[in-house]
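*Asks:* Sequence:
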Amino acid sequence: STGKIRLTLWGEKTSFLDEVDFDETIEVLHAYSRENAFNQQVELNLGNRGIIQRSEKEIEYREKFTDIADIVPGESYSVQGKVSEIGELREFEREDGTENVVASLQLEDETGSIRLTLWGEQAYIIEDLDIDSEIQIIDAYAKYGLNEEIELSIGNKSRVIML
Numbered sequence: 036s037t038g039k040i041r042l043t044l045w046g047e048k049t050s051f052l053d054e055v056d057f058d059e060t061i062e063v064l065h066a067y068s069r070e071n072a073f074n075q076q077v078e079l080n081l082g083n084r085g086i087i088q089r090s091e092k093e094i095e096y097r098e099k100f101t102d103i104a105d106i107v108p109g110e111s112y113s114v115q116g117k118v119s120e121i122g123e124l125r126e127f128e129r130e131d132g133t134e135n136v137v138a139s140l141q142l143e144d145e146t147g148s149i150r151l152t153l154w155g156e157q158a159y160i161i162e163d164l165d166i167d168s169e170i171q172i173i174d175a176y177a178k179y180g181l182n183e184e185i186e187l188s189i190g191n192k193s194r195v196i197m198l
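Add 35 to the 1-based position in the sequence shown for the working numbering, that's all there is to it.
These are calculated hints, taken from the structure and not from any lab test. All figures in this text were calculated on a predicted structure; none of them were measured in a lab. We put the beta carbon where it would ideally sit given N, CA and C, even for glycine. Treat the hints with care, since some could be wrong.
To be verified - For each label pair, taking beta carbons as the anchor points, the in silico distance ranges come out as:
| hint | residue 1 | residue 2 | range |
| --- | --- | --- | --- |
| 1 | Glu78 | Asp105 | 22 to 28 Å |
| 2 | Tyr159 | Lys99 | 26 to 32 Å |
| 3 | Arg89 | Arg125 | 24 to 30 Å |
| 4 | Leu64 | Gly132 | 40 to 46 Å |
| 5 | Ala104 | Trp45 | 36 to 42 Å |
| 6 | Ile185 | Ser68 | 25 to 31 Å |
| 7 | Arg89 | Gly46 | 18 to 24 Å |
| 8 | Glu169 | Glu91 | 28 to 34 Å |
| 9 | Glu91 | Gly46 | 24 to 30 Å |
| 10 | Glu120 | Glu95 | 31 to 37 Å |
| 11 | Val63 | Glu128 | 34 to 40 Å |
| 12 | Arg89 | Glu145 | 35 to 41 Å |
| 13 | Val77 | Tyr159 | 31 to 37 Å |
| 14 | Ala104 | Glu169 | 17 to 23 Å |
Whole structure, please, built from the sequences with the hints as guidance.
*Replies:* Encoded structure:
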């Protein structure tokens with residue numbers, strides 16, 4: 036494989052997500068590409084004329100992990116390291132009145148340390164972590180956080196893997 040790309044499913048196509056597991060190989064036909072307005076990266080969109088199905092093809096894909104020292108704001112990254120601090124789980128009310136949760140932790144590798152902010156369901160992962168737990172974070176978004184320090188935001192498009 037040469038890489039990965041974000042795929043957005045529209046309409047009835049979204050029900051396919053209930054039928055497939057993470058890391059399962061799929062085939063996508065008749066999708067169209069467009070630039071994501073948020074991050075200016077090319078992504079695929081699959082509408083009612085497209086086809087998505089499981090595939091028997093064996094695809095070998097290895098996630099590319101970035102050293103913490105190389106992270107810059109405005110990009111998505113996958114990182115791995117050891118947990119060095121674990122914050123509290125906090126509940127809060129959004130402006131629209133709905134409830135949400137957030138938690139933070141500090142991750143370090145041999146090149147540095149970075150704050151991770153976990154949103155929604157991802158925040159509950161801290162309950163299963165200890166100091167020195169080794170984890171991988173897939174597709175976290177880097178931005179400036181508190182004190183204008185770079186942090187990684189982990190939301191519903193990210194994945195946390197405990198090693």
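*Asks:* Does each hint fit the structure? Answer for all of them.
*Replies:* Right, here's what the structure says about each hint:
no.	hint	result
1	Glu78 to Asp105: 22 to 28 Å	holds (23 Å)
2	Tyr159 to Lys99: 26 to 32 Å	holds (27 Å)
3	Arg89 to Arg125: 24 to 30 Å	violated (39 Å)
4	Leu64 to Gly132: 40 to 46 Å	holds (41 Å)
5	Ala104 to Trp45: 36 to 42 Å	holds (39 Å)
6	Ile185 to Ser68: 25 to 31 Å	holds (29 Å)
7	Arg89 to Gly46: 18 to 24 Å	holds (19 Å)
8	Glu169 to Glu91: 28 to 34 Å	holds (33 Å)
9	Glu91 to Gly46: 24 to 30 Å	holds (26 Å)
10	Glu120 to Glu95: 31 to 37 Å	holds (35 Å)
11	Val63 to Glu128: 34 to 40 Å	holds (38 Å)
12	Arg89 to Glu145: 35 to 41 Å	holds (39 Å)
13	Val77 to Tyr159: 31 to 37 Å	holds (33 Å)
14	Ala104 to Glu169: 17 to 23 Å	holds (18 Å)
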